[in-house]
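There are 2 protein chains.
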Amino acid sequence: MTTAIPNKDLAGQRIIIVGGGIGGASGALALALRGAEVELYEQHFEFKEVGAGLQIGPHGVKMLERWGLKEKAIAGGYLPDNMVFKDAVTAETILDMDFGEEFRERYGAPYLVIHRSDLLNLLLAEAEKHGAKLMTGYFATGAEEDEEGVTLTLKNLNDGEQLVEVRGDVLIGFDGTHSIFRQEIVQDAPVPSAYVAYRGTSNMENETEDAKKINSVVGYIGPRCHFIQYPLRQGEMLNQVAVFQSPRYLDALIDGSEVPEDWGNNEEFKDAFSHTNEYIQSRLGNMWLNNWWQMADREPLEDWVVNDRIIVMGDAAHPPLQYIASGAIMAMEDSEVFAVFAAEAAAQGELNWGTVLREVSDERAPRCNRIQTTSRFWGEMWHVDGVARHVRNEAFRQAERTGWYRYADWLWDYDPSARAYIENPELGKLPPALRDWEYLLHKIDRQREEGKEGAEITL
Amino acid sequence: MTTAIPNKDLAGQRIIIVGGGIGGASGALALALRGAEVELYEQHFEFKEVGAGLQIGPHGVKMLERWGLKEKAIAGGYLPDNMVFKDAVTAETILDMDFGEEFRERYGAPYLVIHRSDLLNLLLAEAEKHGAKLMTGYFATGAEEDEEGVTLTLKNLNDGEQLVEVRGDVLIGFDGTHSIFRQEIVQDAPVPSAYVAYRGTSNMENETEDAKKINSVVGYIGPRCHFIQYPLRQGEMLNQVAVFQSPRYLDALIDGSEVPEDWGNNEEFKDAFSHTNEYIQSRLGNMWLNNWWQMADREPLEDWVVNDRIIVMGDAAHPPLQYIASGAIMAMEDSEVFAVFAAEAAAQGELNWGTVLREVSDERAPRCNRIQTTSRFWGEMWHVDGVARHVRNEAFRQAERTGWYRYADWLWDYDPSARAYIENPELGKLPPALRDWEYLLHKIDRQREEGKEGAEITL
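Residue numbers (UniProt numbering), protein chains in the order written: chain P, 1 to 459; chain G, 1 to 459.
Bound-form chain P, shown alone (with noise of 0.2 Å):
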């Protein structure tokens, strides 16, 4: 059983959170609730999100709820009436996700759309209020753990780069995709996708009334590429995201040639959605030209366990592709999973550590595996060609017609304080049917080192 919160099941125990971002500052309010001691550091002099939009699907809102807000988090973002998938050639509607009273009885929170800075914002206020200590401006270089706790060295870039030491019983390594304690686990690299996203807002008041009608999410899915549209702070805004296959990223893979730095370049955007229907085509106007987002993952980590008192988490631990819209809150699902699992255990008088970081970890990395994994999946489902897209639309279609559910139950109904990945690890598995898939960028690996170039190698 959890304790409510705030409690102070918790208190004395420092806790120190590299990275400020979503996760970093879930952790820190999550942990404030129970009365630790947090400190937070952000090596940026301020506390910044990229991108714009942000689904939360009803596994996170239901995190928001624990952490007292729910309300505030819907008063500043939207509660779309459903999910629509649309075809992106032909814009028929395959799949109308309802969001109302059933789904939302059944897994007991709305589907959220918010802007990413907002929910930050509302995080690490809600951490601060609660006694937590944010900094920013600070770089960690690493950290040693000993007997009694763990040390943390980072460079002040406040005060000429200085190197600081800061004292804590444990340290959660939510610095990102790039993190330095991940690199102490596993020395991986990136997996790009070859996917690019361009995204773009706008202030719904200058739209067209079309626009102003959405009150939906609405994907439009189609051959190499997607395209999603949704409301964001109470209707103000328009989120817009265009996402595609580079064909010059895929080309260098497969030839073995060198990988432009560029691409998903605006010369590749122009031609990715000409394929499209008019509509897609008319709104790609409204995406931000001077920035795309080189879309990668990285492979599952089954251990996130540096040692006895360091851990790493959110995308630090497995930063995911965003198709099931599940990054963020996997890391606010590994915060209050971390968290009750290390009050349980104080308010039993039996807080170890170590314990509690194996447990977490047992706990969430097959969790997180099977999102990373159906992120993947899901990733190509929607961006077949040729027959296949047509399967698929009548697959989205049959389940409209036999509810859509049985696809979404274990990821949008989870219970941190539940251990249920612990008890089954079965739970972290794609269903038996899906294991023998091979998500394309391995299979382009495994040809390759199988010694095939170039035509010899199928997608």
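In short, the hints are calculated from the structure, not lab data. As the structure is a prediction and not an experimental result, all values here were calculated from the model. Beta carbons: idealized from backbone N, C-alpha and C, even for Gly. Among the clues, some could well be false.
[What the hints assert, rightly or not] A partial selection of chain G residues facing chain P, derived with a Cβ cut-off under 10 Å:
1) Ile94
2) Asp98
3) Leu459
Please build the complex by placing chain G on the supplied structure of chain P, with the hints as guidance.
Frame of chain P, contents of chain G only:
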């Protein structure tokens, strides 16, 4: 209303049929049953069919029933309990179509499988019984219409290739995919599908215990290949078909190099199923290796009428790929529709052959167009790889959950007297959502025409 058959509605009408396969034999029977004077000319010295097993869906069994052959066909064939689709990689059942009472009531007939030769012999014997004259060793070289009828010129191969002329009121070119009559409508070529079939039959007595238990049409479908098994002759014979995409054919197409004549040869066959489950691989030794069938169809033909006295039907009009098992059945439907339309006109004293032929074409061409196109689509759907295979499997599972009848009604619920396609030619089109699908072979051709070659061509 159709008069009960046999009748004499077409008494005095001389009908020439060129070609003595299942199509010609069906035509001879359907017309003899209306009292017409039928003469059928087959170029070979004996009537024969290539291949072994033939699936006769309820649309075909209903034709046999009209012709009084249903019981005999069932007695010599086999009524499978169901049709089971399995994933060729994992052997998981993804769709089980029950052919029991509900099925038979819905479609008005059972699902039958029968040896091709057995069906041909039944049709020929019955046609002969009703007065049709069946001639072998006559090679048709051409036909001319005139005001009064049609003159067919034949080489009599039984008599030193002596040229003979025969007269009729109307001529049906049932002369197969290389029809000389089709050439007078369109000078097209077969469209090879890049797939090749290996066949084999075995005596069930000598079969494994597993094989003896097969009471279904079992189709293993997988990446670039499939494998079919079903019993024949009341379970005394096991029929097997193994089909795969020829990499050499495809490579030649993509490279623009010469297509090897022996594409699909034993060498390719040996490798083609290496990614399928062990059971399939264990069965391949039973296939005949001396013959393989390069599978091709032709583009749908809008108009089958050569002139007021000559029409093409069967494979001459609409050679399909085999994926929805309707090649022979289309020819049977053609025959019955032709007979019904002609008999109705004659019974009303309005028999004008030009009008009848146009009506037959208007009714049949749209339906056969849809069958040909759906066969192509269905074939591609069977053979997808990667994520598409998993999505296809789920679409099949969903079809079982929601009832797969919706996909089959148009095919299996056909009434040759109803003129449904004349009244609504839209019936001949793919459902709207599928109309922008592009057949792989067309897609390759298009890209070549756009100047692409080799790796530039996407499959």
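**Asked** Given Ile94/G was flagged as interface, is its beta-carbon under 10 Å from a beta-carbon of chain P?
**Response** Result: holds, 8 Å to nearest chain P Cβ.
**Cut-off 10 Å, beta-carbon criterion: hint that Asp98/G touches chain P** = Violated: closest Cβ of chain P sits about 18 Å from Asp98/G, beyond 10 Å.
**Message:** Tell me if the interface restraint on Leu459/G is satisfied: Cβ within less than 10 Å of some Cβ in chain P.
**Reply:** With a minimum Cβ separation of about 8 Å from chain P (threshold 10 Å), the hint on Leu459/G holds.
Hint compliance for this structure: hint 2 alone is broken.
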